Amino acid sequence: MNTKVKIAGVEFKNPVMTASGTFGSGMEYADFVDLNKLGAVVTKGVANVPWEGNPTPRVAEVYGGMLNAIGLQNPGIDVFVKRDLEFLKSYDTKVIVNVCGKTVEDYLEVVEKLSDEARVDMLEINVSCPNVKEGAIAFGQNKDALFDITSRIKKVSKKPIIMKLSPNVTSIAEMAKAAEAAGADAISLINTITGMKIDIYKRKFALANKTGGLSGPAIKPVAVRMVYEASRAVNIPIIGMGGIANAEDAIEFIMAGATAVAVGAMNFHDPYLTEKTVDGIEKYMRDCHVDDINSIRGIVE
Amino acid sequence: MTKKIKKEAKVISQKLLAEGIYDLWLETEIAENTHPGQFVGVYTVNKAALLPRPISVCEVNEDRTAIRLVYRVVGTGTAEFSLYQPGDYMMILGPLGNGFPLDKAAGKRVILMGGGIGVPPLLETAKKLNGAADVKAVMGYRNSEVFLSDDFKKYVDLYIASDDGSVGTKGNVIDAIKENKIDCDVIFACGPMPMLKGIKAYAKENGIKAYLSLEEKMACGVGACLGCICKTKETDNHSHVKNARICTDGPVFDADDLDM
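First to last, the protein sequences are chains A and B.
According to our numbering, the stretch in the first sequence is residues -16 to 284, in order.
According to our numbering, the stretch in the second sequence is residues 262 to 521, in order.
There could be a bad hint or two in this list.
[Claimed, not checked] Restricting the straight-line Cα-Cα distance to at most 25 Å, the calculated cross-link-like pairs of lysine-lysine (DSS-like) are:
#, chain 1, residue 1, chain 2, residue 2
1, B, K439, B, K458
2, A, K20, B, K439
3, B, K503, B, K458
4, A, K185, B, K414
5, B, K478, A, K193
[As the list claims (entries may be wrong)] Far from chain B, by Cβ distances over 12 Å, these chain A residues were calculated:
#, residue
6, E(-6)
7, T1
8, V32
9, N57
10, R66
11, E100
12, R102
13, K142
14, A164
15, R215
16, G263
17, C271
18, I279
Worth flagging that the hints you see were computed from the coordinates, not collected in a lab.
On a predicted model such as this, the values are computed, not experimentally measured, just so you know.
A virtual CB, placed ideally from N, CA and C, is assigned to each residue, including glycine.
Chain A on its own, in the form it takes in the complex (with noise of 0.2 Å):
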């Protein structure tokens, strides 16, 4: 039984990655999980310099899932660099950093940073945070602007790029049609749905940031569908995230044309759901007679 995949020369155990920003750089969850079991770590993003996120409250739980506006709070790439690389390093799974910032110059001083760091494999361009102000969604929801980083950051990177997509754009396709023309290694989707809750007792907003990104179960549907469409646009490999709860969701995401996959906001409901869907899909393919995972990607009909 195969459960490797390759994306951009990667070679990955298994296509069980964490969703950024739900896993921290695994030390927290390094409790729970057998990190090794996993086939990458998919680190919470990092800016060039330490970004304070946005006031509280920043989660607030909706039917199905859960809205964030974390605002991307993060100790900047040097700390990362020091404390949560090497703490990965005696780890054996693959690590994608996931990278954000205000400006395009933000982006490429942490790519430049990174490209040189043996403990990473692949970067991953966070251009669909719907919590920060400045850059990030800013890059994600026009395509012009999203080519235009892309081609940046593909021209200073030594790793492969992944770059991040938000839903919360009229064509998911003509999006990933952008990415993979500025040369994108490989794109992954979707990022959270820009959501809000109203307090009406108080009334007043749930979170600080008035809105927020929507994950969990509640968006599956709208993942799996943006996954489907932006698989039949681009010849790159796509990582399918959305809320994923269960290694079925899983198989669903790579039918409907995923190489990999990422578990988000069921991690906090359940700390062990890595490791759990990486099982459930070995399961799933001695059960359904699968031997090797690559052949069942995209064949939905």
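Use these hints to put chain B onto chain A, whose structure you have.
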């Protein structure tokens, strides 16, 4: 640090303590390593509600095989919890956070101050400090619907404040310590933010060390998502910004370290 686990816990008993306040004992191996001021994440079976509810541990039994949760019904999750009966199972995650720094209280005059649903975690604290420090407890309630007062009296002298004056001092916990002229060196407190702010100011004026247990909307409960931060005066050595994680670095903080 103690390993956190998510595991089923068996309901031993549940009863109504006061209006909307429930008293639940759970048999769980998490009890073995739970310290005063720590909390657990409690999961609903309702699949539409995916986040664990953070609830402080009120007491650990002598054999360290069970924990007591005293909680207020505030929404769908806690409403579901209130329906559980002996023999039922609930999924819990814990132990979470760092509790009250009992070593800072040893041999000192200590006041435990709780407000509303901030009262419960101070009971285990009172139990553990009993004999190790000169401890008094001052608990604030909305009205005559007081709870846990008999439990506190087993270990410490108890003073009560109520918003409507129906029990004890009319007013808040600070009013109660002033009225009863209670001096102390250290305060351990848990309650709503306005009360904690008042305690911080009172402690500063009077040269008292205060340790405050904070609350915030949480998601992961284990320090990964950065949902439940509080502002700190100095750059925190985990976040490298002036934010600390309530779930992991707290929930108990030295009041002097907080920007509130």
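Hints, one by one, checked against the model:
1. B:K439 x B:K458: 17 Å, holds
2. A:K20 x B:K439: 58 Å, violated
3. B:K503 x B:K458: 18 Å, holds
4. A:K185 x B:K414: 36 Å, violated
5. B:K478 x A:K193: Holds. K478 (chain B) to K193 (chain A) sits at ~15 Å (cutoff 25 Å).
6. E(-6): 27 Å, holds
7. T1: Check fails; 10 Å does not lie beyond 12 Å.
8. V32: 10 Å, violated
9. N57: Check fails; 8 Å does not lie beyond 12 Å.
10. R66: 9 Å, violated
11. E100: E100 (chain A) is indeed farther than 12 Å from all Cβ atoms of chain B, at 18 Å.
12. R102: The claim stands: R102 (chain A) keeps its Cβ more than 12 Å from every Cβ of chain B (closest is about 20 Å).
13. K142: 24 Å, holds
14. A164: 34 Å, holds
15. R215: Holds, because the least Cβ-Cβ distance between R215 (chain A) and chain B comes to about 31 Å, which exceeds 12 Å.
16. G263: 17 Å, holds
17. C271: 25 Å, holds
18. I279: At about 26 Å from chain B, I279 (chain A) clears the 12 Å cut-off, so the statement holds.
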